[in-house]
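Student: Chain by chain, the residues:
Number of protein chains: 2
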Amino acid sequence: MSQVDIQDDKQELIVEAALKRFAHYGPSKTTMNEIADDLHLSKALLYYYFPDKASLFKAVVDRILNNYFEEIECEANHAKSIEKTLLTLIDVRHDFFMKYYNMGLNRNIIDCTEGSLDEIIYNAIKRETIFMKKLLTKANDKGEMQIENPLEAAELYMDVMAGVRFSILTPNTRSAILDEDTAKVINRKQKQITELFIRAYRSIN
Amino acid sequence: MSQVDIQDDKQELIVEAALKRFAHYGPSKTTMNEIADDLHLSKALLYYYFPDKASLFKAVVDRILNNYFEEIECEANHAKSIEKTLLTLIDVRHDFFMKYYNMGLNRNIIDCTEGSLDEIIYNAIKRETIFMKKLLTKANDKGEMQIENPLEAAELYMDVMAGVRFSILTPNTRSAILDEDTAKVINRKQKQITELFIRAYRSIN
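Residue numbers (the UniProt record's numbering), protein chains in the order written: chain A, 1 to 205; chain B, 1 to 205.
Quick caveat, the hints were computed from the structure, so don't treat them as lab data.
All values derive from a computational prediction rather than experimental measurement.
All C-beta atoms in this analysis are idealised placements derived from N, C-alpha and C, irrespective of residue type, glycine included.
Treat the hints with care, as some may be off.
[What the hints assert, rightly or not] Cβ-to-Cβ under 7 Å is the rule here; a few derived chain B residues that face chain A:
1. 16
2. 156
3. 160
4. 163
5. 164
6. 166
7. 192
8. 196
9. 199
10. 200
Please model the entire structure based on the sequences and the hints provided.
Tutor: Set out below in structure tokens:
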């Protein structure tokens, strides 16, 4: 095992431990000390890998997003139709947000404070749009849909999916973290829109 | 003319004058003094009608929204099809936001600061949803569309229209006032979604 591999392993372990703490207690209630203790690491060594909590938090969010993309790609490979795929993805997204509720990922998106996650989340949306374009192209090829411009349709679909999240937030809930009831309403609306979207693009054959 | 009528007239004149100033210079760059001067009113009399700038601003926004509803109702009465109606309404909304650009109406919606407009805008969205429900019901009756639950469809459509506005706001533009280019992108996306919406609900007959 090379020095680089050992370093990568250590970094991996730190991200895993931090993910557990962040997900359970939330980033604001987690200290670097606690993460070091969980791993029986010296604080100095922890700071060698991650100079501050913000950089560790970013690495954790990156990890979570990678897991998310692995999961949706796997689901897409196994679903039988484009309709089933899109509806399943809505549930995966819902479960994902609920699982990492305490991470404040949703809050960050709708917050106006200087959000260090902005770029990560923006890139994730771009990545999911490309993924969506592939799904629609595949549905086109299979004759399930008739879409002239799959990228444009994917962008539109992603805009609408993300948009629903914001538009149902009334004045009272706007800056709050998404609660479970609101998440359920969003989930239901996203499914209704998906059904419309599919109906609109359904092949005439 | 009764005392009440005269009072109403005066109030009306103040709102008209304030609207002009607010729309041109923006609320933050308009003073109560300037509005009083425009009307050759004493400051005391102006404050008799509106105890502070915030209450006058609310009255102006109320007026603008009433004008908006009058306009969309008129457009809806004259358009030949539901498709034409919905597409026209998007342009009316676009022009309306651009006309009152300096009022910061858009900013207020996406801002996290304590927004006194929250309730007014929330009510306006509710009012437009009811209006939309009527349009869809009419389209149903004319056989243009086949919608089982027009209120649900109207809510969904309104969510999506509002949502697009938020979802295309990237990290860099999120808390800024909507600029004209962004407004054009939103306008285009809203029309694309409207076409999909209509196609999905189009009557089979």
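Student: None of the hints should be skipped; say for each whether it holds.
Tutor: Results of checking the hints against the structure:
Interface restraint check for residue 16 of chain B: the shortest CB-CB distance to chain A comes to about 28 Å, outside 7 Å, so the restraint is violated. Checking residue 156 of chain B against chain A by beta carbon gives a least distance of about 6 Å; that is within 7 Å, so the hint holds. The interface hint given for residue 160 of chain B holds, since its Cβ lies 5 Å from the closest Cβ of chain A, which is under the 7 Å cut-off. Residue-level restraint check for residue 163 of chain B holds (minimum Cβ-Cβ distance to chain A is 2 Å; threshold 7 Å).
Because the smallest distance between the Cβ of residue 164 of chain B and any Cβ of chain A comes to about 5 Å, under 7 Å, the interface hint for this residue holds. The interface hint given for residue 166 of chain B holds, since its Cβ lies 4 Å from the closest Cβ of chain A, which is under the 7 Å cut-off. Contact between residue 192 of chain B and chain A, as hinted, is supported at the beta carbon level, the nearest pair being about 6 Å apart and thus within 7 Å. Interface hint status for residue 196 of chain B: upheld, as the beta-carbon distance to the closest one in chain A is roughly 4 Å, under 7 Å.
The criterion of a C-beta within 7 Å of any C-beta in chain A is met by residue 199 of chain B, whose closest approach is roughly 4 Å, and the hint holds. Because the smallest distance between the Cβ of residue 200 of chain B and any Cβ of chain A comes to about 4 Å, under 7 Å, the interface hint for this residue holds.
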